[in-house]
Amino acid sequence: MATLKVPTHVPAPSEDAEQLRKAFEGWGTNEQMIIDILAHRNAAQRNLIRKTYGQTYGEDFLTSLDKELSSDFERAVLLFTLDPAERDAYLANEATKRFPSSNWVIMEIACTRSSHELFNVRKAYHARYKKSLEEDVAHHATGDYRKLLVPLVSAFRYEGDEVNMTLAKSEAKILHDKISHKHYSDEEVIRIVTTRSKAQLNATLNHYNTAFGNAINKDLKADPKDEFLKLLRATIKCLTVPEKYFEKVLRQAINRLGTDEWALTRVVTTRAEVDMVRIKEEYQKRNSVTLEKAVAGDTSGDYERMLLALIGCGDV
Amino acid sequence: MALPDVLEALNKAFSGIGVDENSLISVVANSSHEHKKSLRKGFSKLFIEDENGFERSDQSAIKNLKFEFKRFRDAVILSLLHPWERDARLIEKAIKKGPKQYGVIVEIACSRSSNELLGARKAYHSLFDRSIEEDLASHVKGSERKLLVALVSAYRYEGPKVNEDVAKSEAEILSNAIKNAHKRKPIEDEDLIMILSTRSKPHLQALNEHYNKICQKSLTQELEGEGNLKDTVECLCTPETYFTRVLDSALSADADEESKRALTRVVVTQKELLVKDGSVPNKIEGILTGAYKDFILGSLAREENK
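Chains as they are written, first to last, in this note's numbering: chain A, 334 to 649; chain B, 3 to 308.
Only chain B is shown next, with the shape it has when bound in the complex:
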């Protein structure tokens, strides 16, 4: 192959989410010594000329590449784990990583069923010899602590019965808390936290509708900028919206590593939800590559064929 073609193939293999393993095999595997040297000289994304007379790798670019190589592996493992262990490990990692990852904890606590969340709590005991709530409570500082601990401790009633009067009065409580945001951050309002962390999902959905009627805006609109609180409401009331948003974020051009990792997490854990949205495979098609793409598309297809 001519050098410009090879460079283009290499570039393509390393673009997108995942890596094109087959292309890399044909381009790199039986490259001769001189051929590789030309590759390095021509591929400025990964190599720069060093003053000591060799083409030096750009370590941060290599690091990013390593993430891309890992994606398939991580997707397979995440897929194989028992859902309880999976969620327990995701939560534990998120606690360790800190505030930027607290959204993952909100996501798991709010999108799983009551028994799935209980399962994660049991698995956490087995895996780490501690409870989720004690780790969360001791690592999370500030106003997020109360919200996160409460969300993870919930065992919500799952029946359809809703008391409309209570839903309406609680919508008013929320409305007041949000109106007074300039005096006190909504996340520090204990009544708000109690409502969001103890009421059933149907109740909160009814509350959301009442809120709409009272304020002519949706709760999630009003909570724009309130980070974890917005994710909480969105996950509990309109999970499809939340997951579509996370997915689109992961696929966008300026997605960072953590956003991209969300892609694996969301596809593996929310297959049933995503499959309802027919546009997902198309969104993925142009952006993912290699074995990672095949695995992700395969996961979604298997769900459709059920």
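For reference, chain A alone in the conformation it holds in the complex:
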């Protein structure tokens, strides 16, 4: 469930656009104004504001933003203002230009969005970058990473609940065979993980646990230093229990572990309208402190205020 709070009576887009324009005028920028408006509008409303702003002032709101602001706060506003499909396309494109650790971002987008959302990302990618998402990922990733990531971003998984239990059993066995022989990037492993529906995968992994005594991710921890295995475990987590995946990403970001610098911004802006409520619950369960408190302790200023607004703090 979403943590985004939207007022019951929302001002007309032209009013919001005017206030945002005022926020940029004069010395400095009225960041609080930006948070008050943008962090309390849903995706459709933000789209309308952006359109209206562009028509009225002859400039994309995001361009004004870029001129006036810098750093984490700007990034949070930028990401949150973008339409979700465009946002994911932006993040994916950025990831294809960065270091290999950005493979995670691509995997995260491919696995935690619905089939239709993922296709909208691919469409937005065409429009914005004049290339296909899969060709950039194929070009950027190498070896086993490419073998995993290209099918992941190209998938159009069946989204229904139908599950074939016989298949679940046989594919659990295949996975177990390959994993026990350390064939982690075997074609069969890749096939099952990248093509089966989430419901089917869930059934398969449940059966794996029952039949072989360990959850699959436990067996995949055989070599703790193996980066590909880490990605494979995260893939499976994303496909089956995304809230737990996001909780871990947030925890590591807040505790400054790992190298995913923009993780906090990314997770909050991309999940505020999706499943942030569940992620907060996971966070509190795992860390014995609320996400709000953790974010407040780790960030400051407008950036902090923006994030807190998005995760549902304070008034509308």
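Careful, some of the hints might be misleading.
As the list claims (entries may be wrong) - When the alpha-carbon atoms are kept at most 30 Å apart in a straight line, the in silico DSSO-like pairs for lysine-lysine are as follows: (1) Lys95/B with Lys506/A; (2) Lys98/B with Lys511/A; (3) Lys531/A with Lys480/A; (4) Lys502/A with Lys99/B; (5) Lys170/B with Lys456/A; (6) Lys558/A with Lys506/A; (7) Lys143/B with Lys515/A.
Rather than coming from a laboratory, the hints here were simulated on the basis of the structure. Every value quoted in this text rests on a predicted model; they were computed, and no experiment measured them.
Got chain A sorted already, so can you dock chain B onto it with the hints?
Using the frame of chain A, we list chain B on its own:
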């Protein structure tokens, strides 16, 4: 009618692709019992004398006839289906039939627009409660699997922009893969599969031209004998050549049932393309017969008159 004339009419009605329904009505419908007996005795293509004193039908010939009778029906239904459902069902059948039919999957994946292919994938979900890629991946074994799954999963950029430097360097990658075919089959080269399954069609066409310049041969020439890989390149770069080839195959004297079925599929799904080739109606004229011929020619004519 005299018996030799009747036999000739029957023979003609059953020759070619489709059946001449009108001729069959006049020859068979009001045949008397004795007349039919003479027919059977005289028509050795379909009947042989059985030791138990009756003219027995040749079941394999009857089976082939049933295919010919079905052709009109199949063409109408294929024509009526929504293109997405049509393509989803064609792919599903091809997966079930196995390796000999994988060319149909290549054909659909490579000749449809990005949104048409997406549509087929959506329809597949609705019709079969599974995704195309999961069925393909679990049924296709061997080296074809990677190629087919990748082709069907593509959502190619459709703009004209091409990076010539990249096209050129990728032409070289392909050239190396083909030169090393004796060490490793091109279809197992992952870079080759990535290029063919992710790049836009204009990019691949530019790549094809660079390849020509580098190797003095076309990609499709070099891939002769590489089955699905050749079809992939041909469909993506020069679809008219591919479809003309499939059409000519269907119309040739030694065409088998699957090749003949391609005729219906190609005419129904590629009307716009075929109509550009003025010789198609003539090619069809002498070989097709009956309602099937009328339907096919009608489909092409309607396209021309648009």
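Q | Violated constraints from the hint list, given by number and in increasing order | A | none
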